[in-house]
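Q: Order-wise, the sequence lines are chains A, B and C.
Following this note's numbering, the numbering of the first sequence begins with 960 at its first residue and continues without gaps.
Following this note's numbering, the numbering of the second sequence begins with 960 at its first residue and continues without gaps.
Following this note's numbering, the numbering of the third sequence begins with 960 at its first residue and continues without gaps.
Since the hints were made in silico from the structure, they are not lab data.
None of the values given here were measured: they were computed from a predicted structure.
Mixed in with the good hints, there may be bad ones.
Identical chains blur together in the list; that is why a pair holds if it fits in one copy or across any two.
The list that follows gives simulated cross-link-like pairs (lysine to any residue, SDA-like), each with its CA atoms no further than 25 Å apart [as the list claims (entries may be wrong)]:
(1) Lys1221 with Ser1122
(2) Lys1045 with Glu1104
(3) Lys1035 with Leu1047
(4) Lys1071 with Gln965
(5) Lys1123 with Ala1262
(6) Lys1188 with Gly1151
(7) Lys1224 with Pro1270
(8) Lys1004 with Ala1235
(9) Lys1155 with Phe1023
(10) Lys1257 with Tyr1008
(11) Lys1257 with Glu1206
(12) Lys1297 with Val1280
(13) Lys1282 with Tyr1292
(14) Lys1289 with Val1279
(15) Lys1297 with Ala1262
(16) Lys982 with Gly1182
(17) Lys982 with Ile1066
(18) Lys1035 with Arg1275
(19) Lys1035 with Glu1089
(20) Lys1188 with His1007
(21) Lys1297 with Asn1254
(22) Lys1123 with Arg1113
(23) Lys1045 with Arg1057
(24) Lys1123 with Glu990
(25) Lys1289 with Glu1303
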Amino acid sequence: MEFTAQQIADFLQGDLYGDASVKVSDFSKIEEGKKGTLSFLSNPKYNHYIYESEASLILVNRDFEPDSDVKATLIKVDNAYEALAKLLTFVERLQDRRTGVSELASIAPSAKIGENVYIAPFVVVDENTEIGNNVVISSHCSIGEGVKIGSGVRLHTGVKICSKCVIGDDCTFHAGVVIGSDGFGFAPTGDGSYRKIPQTGNVIIESNVEIGANSTVDRATLGSTIIRKGVKIDNLVQIAHNVEIGENTVIASQSGVAGSTKVGKNCVFAGQVGIAGHLHIADGSIFGAKTGVPNSIKQPNMAYQGYPAIPVAIFRRSSVVYKNLPELQKIIYDLQRKINELEEKVNRDA
Amino acid sequence: MEFTAQQIADFLQGDLYGDASVKVSDFSKIEEGKKGTLSFLSNPKYNHYIYESEASLILVNRDFEPDSDVKATLIKVDNAYEALAKLLTFVERLQDRRTGVSELASIAPSAKIGENVYIAPFVVVDENTEIGNNVVISSHCSIGEGVKIGSGVRLHTGVKICSKCVIGDDCTFHAGVVIGSDGFGFAPTGDGSYRKIPQTGNVIIESNVEIGANSTVDRATLGSTIIRKGVKIDNLVQIAHNVEIGENTVIASQSGVAGSTKVGKNCVFAGQVGIAGHLHIADGSIFGAKTGVPNSIKQPNMAYQGYPAIPVAIFRRSSVVYKNLPELQKIIYDLQRKINELEEKVNRDA
Amino acid sequence: MEFTAQQIADFLQGDLYGDASVKVSDFSKIEEGKKGTLSFLSNPKYNHYIYESEASLILVNRDFEPDSDVKATLIKVDNAYEALAKLLTFVERLQDRRTGVSELASIAPSAKIGENVYIAPFVVVDENTEIGNNVVISSHCSIGEGVKIGSGVRLHTGVKICSKCVIGDDCTFHAGVVIGSDGFGFAPTGDGSYRKIPQTGNVIIESNVEIGANSTVDRATLGSTIIRKGVKIDNLVQIAHNVEIGENTVIASQSGVAGSTKVGKNCVFAGQVGIAGHLHIADGSIFGAKTGVPNSIKQPNMAYQGYPAIPVAIFRRSSVVYKNLPELQKIIYDLQRKINELEEKVNRDA
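Bound-form chain A, shown alone (with noise of 0.2 Å):
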């Protein structure tokens, strides 16, 4: 496929500054850009790489103006990295999408398949499971029993939903994804060793929600997890029994939420995050990289980071007199000195 500059414009409502007849056929990295591609700028570090690049059309946020000459075309659109992925969208739905189920998938009787749904070669499908219109599932994928999975919801290879899950309307989930395993939920015996409590619940995830390669979202002891609309969920996360995450909020790779507590919404986790069990977080709050949270937090849209969290900004200062720490025990022990020294001093002089 091919565009002009000037289709581009259009379709992005963006304003084109030089040559609207040049034409792309792919997209780029602005400093990889090459003749034909389409390229953008979105944060300021990466202007010096615009008088460079070879591409031959660039979109920049409208504030952008340029200090010297510029080769490609320009395109100035209220946010360039917004309007990229606009475009890419766009291109994306242009391709192909495959329909039909495989002969190699083994689909229960008592399933019920939706419209201009695709299901791959090596996907089960069990009974009594309801798959809405436009899914796509791809190979190896197991749906479990009484799994309802709403339209335009897109499996990934190797995803593993277990029974009873309820998966809404435009949902992706990443290869490897497993969502309703077991909680981990064990009582003592009073011997040292432990009895497994049934977990019986099961995990709804509602519309939009994206989650990341070889996650995990464990289903409730009883009633439900829940992934509330538009979580945005990266790989490697846990998301343990009886959890709810509240809509819009974001987490990174490797980060953990433990059993029973519930995320407010528009949280934002950075990587490698803990969040204990039993708590409750409040709306809009962000944790930095490797920060853990043992406690509520009430107060929303504040920052934390460190092992207990705590505000960022004191974190930050922290953590800088952290390195000082043998220096500053070293003048402690020496003022300790001086002071019992000036003290005896004071005394036999008075």
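Guided by the hints, dock chains B and C onto chain A, whose structure is given.
A: For chains B and C alone, coordinates are given in the frame of chain A:
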């Protein structure tokens, strides 16, 4: 299925308070309890829910005394959570279990399969494997060459057990678990690259072990990686080569144990704990979330936190001071200045 | 297979001490060594085992001198661990390897498959893939559209390689690895929700790379995520979109590298390390367990630990003082009080 309060009290050997004829057919959380459901109250923190709960029947600990009227019938037991577990397990066992070997599975001719086994579609069972009685192998599992699996084992969808590994009776592995992947062993060659050390050992897992979704247990270089009986491992946990985990140790999500470390019995790991390689960890050691352990632990039954791990009581006190570090540093420098002034003054006056 | 001590000494070009005719047919750990097995001693910490070991033949480093009698025949080599690796590799290669394409695999007609390849049951090889010679693809692997795989590659069970990714020669990926899942890229839309940025790039993995079980490598938004030759990655590791990992870098379990970061060559990551996004990490950087790196590192060959990462020597000293913080705080407040008293006294006396 429907049971009366009296039937349940008899089954649990509990004491019944209220209407013995009330019937229940499902479970509920106490705060979501509805008519016809059975709930439980174990943590005194949630006591207030019991006065509003619509659940028809509630299990409580023997020492629970209501402060005001409770609508539900109560059954007092020694341990309400354990009693619930017993009931859930009982109900789970009443449910039909599938048996038989799917025509869509690939079973090697030399495999020995026990009685009353279920093998789902798209399972691979390789040559010279032995699978005990009453085993359930869900879809997409891979059982490698020469693997031995005891009786009563349950493998959820997509579990991979690599060649020569040995699994004891009554183990449960959740979706995506990998047992017997190669240990991470490489020898430097001198030019900056590495030569792989072939990992020719196996993994031995004793009875009653449960392992969570997408966790990984590596085979030994030589000999065996060993998980002792009763161990409970959560999701996304890493057990490296030649590790041994002692009886009834519990390891929460995203924790990892590095190569050749021997963890004692009855230990408890919270989430995201890391233990370095080649260590000995004493029985009954307890590690708070995100603890990192760089050295062996000889004294049993102690609790640790932080990196490097220190006794939890010290960690808590030190982490409180951590927040004050910028202020303390300021005080120290102030004191230093004051003392210098005082010294000068005293020496001048002397 | 059975070899004499003399045959092994010749193969390894080592010096033989003891009975050259003794025969071995298996490997053992030195502390578990039995008659007829070959063991090794590399770490001087384990020297004492050699005097009790029942192993018939033991590889030792050239500088090893026994303090007392050793029953076993010894072979002295430059590096006992590397010599063992060489032997294990030799024996592994003697074992039969399967070839052929299973009738239970699903191979697209347009796929180009090399010679001497093994493809196991329930493998999917999609359209326009190219697979080199001597490749082993175990059960349940999924090879996406347009993927290119070099020669000598070994994919263990359940590996997923998504569309357009390129894998170099002699790579080994362990069970459950995901290559080419979507990067975690979303643009805020202004109403609290996010719009997905389609991830249209790929992953390029050069030769001799090994990746551990259930690890994930995301495709680039535009361009490529790149893993250079000789890189070794352990289990449950996350490599985000547009990352580049330099030659011969080693990354231990549960570590993660965030988006667009460029890691140099010959780096070493211990377990549970996290590197933030958009950074440059100098060649030869070494990160202790649980280190978190928020900023670029320019100086090569330095070792770091802690969060935020600081030079390891400083981290060690500071972490010792950390334990003393409550006591130091008390001393500081005491000193403050004493100085105030002294000041008063001195001023009063003056």
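Q: Regarding Lys1289 and Val1279, is the shortest C-alpha distance of 25 Å or less found within a copy, between copies, in both, or in neither?
A: The answer is both: 17 Å in one copy and 13 Å across copies each meet 25 Å.
Q: Since the copies are identical, ignore which copy is meant and state whether Lys1188 and His1007 lie within 25 Å (CA to CA) inside a copy, between copies, both or neither.
A: neither (39 Å within a copy, 30 Å between copies)
Q: When no copy is specified for Lys1035 and Leu1047, does a C-alpha distance of 25 Å or less occur within a copy, between copies, both, or neither?
A: within (17 Å within a copy, 61 Å between copies)
Q: For Lys1224 vs Pro1270, is the C-alpha pair at or below 25 Å within one copy, between two copies, both, or neither?
A: For Lys1224 and Pro1270, only the intra-copy Cα distance (19 Å) is at most 25 Å; the inter-copy one is 35 Å.
Q: With 25 Å as the alpha-carbon cut-off, assign the pair Lys1257 and Glu1206 to within, between, both or neither.
A: within (17 Å within a copy, 40 Å between copies)
Q: Taking 25 Å as the upper bound on the Cα-Cα distance, should Lys982 and Ile1066 be classified as within, between, both, or neither?
A: Neither way: Lys982 and Ile1066 sit 46 Å apart in one copy and 37 Å across, limit 25 Å.
Q: Between Lys1004 and Ala1235, at a C-alpha cutoff of 25 Å, which is it: within one copy, between copies, both, or neither?
A: Classified as between: cross-chain Cα gap 17 Å, same-chain 37 Å, threshold 25 Å.
Q: Quick one: Lys1297 to Val1280, C-alpha cut-off 25 Å, is that within a copy, between copies, both, or neither?
A: Intra 23 Å, inter 21 Å, cutoff 25 Å: intra and inter.
Q: For Lys982 and Gly1182, with the copy left unspecified, which applies at a CA distance of at most 25 Å: within, between, both, or neither?
A: between (55 Å within a copy, 20 Å between copies)
Q: Pop the pair Lys1155 and Phe1023 into one bin, within, between, both or neither, using alpha-carbon distances up to 25 Å.
A: between (60 Å within a copy, 24 Å between copies)
Q: For the identical chains here, do Lys1297 and Asn1254 meet the 25 Å Cα criterion within one copy, between copies, both, or neither?
A: neither (42 Å within a copy, 37 Å between copies)
Q: When no copy is named, should Lys1257 and Tyr1008 be tagged within, between, both, or neither for a Cα gap of at most 25 Å?
A: between (44 Å within a copy, 21 Å between copies)
The structure does not agree with the numbered hints 4, 5, 15, 17, 18, 19, 20 and 21 stated previously, though it agrees with the rest.
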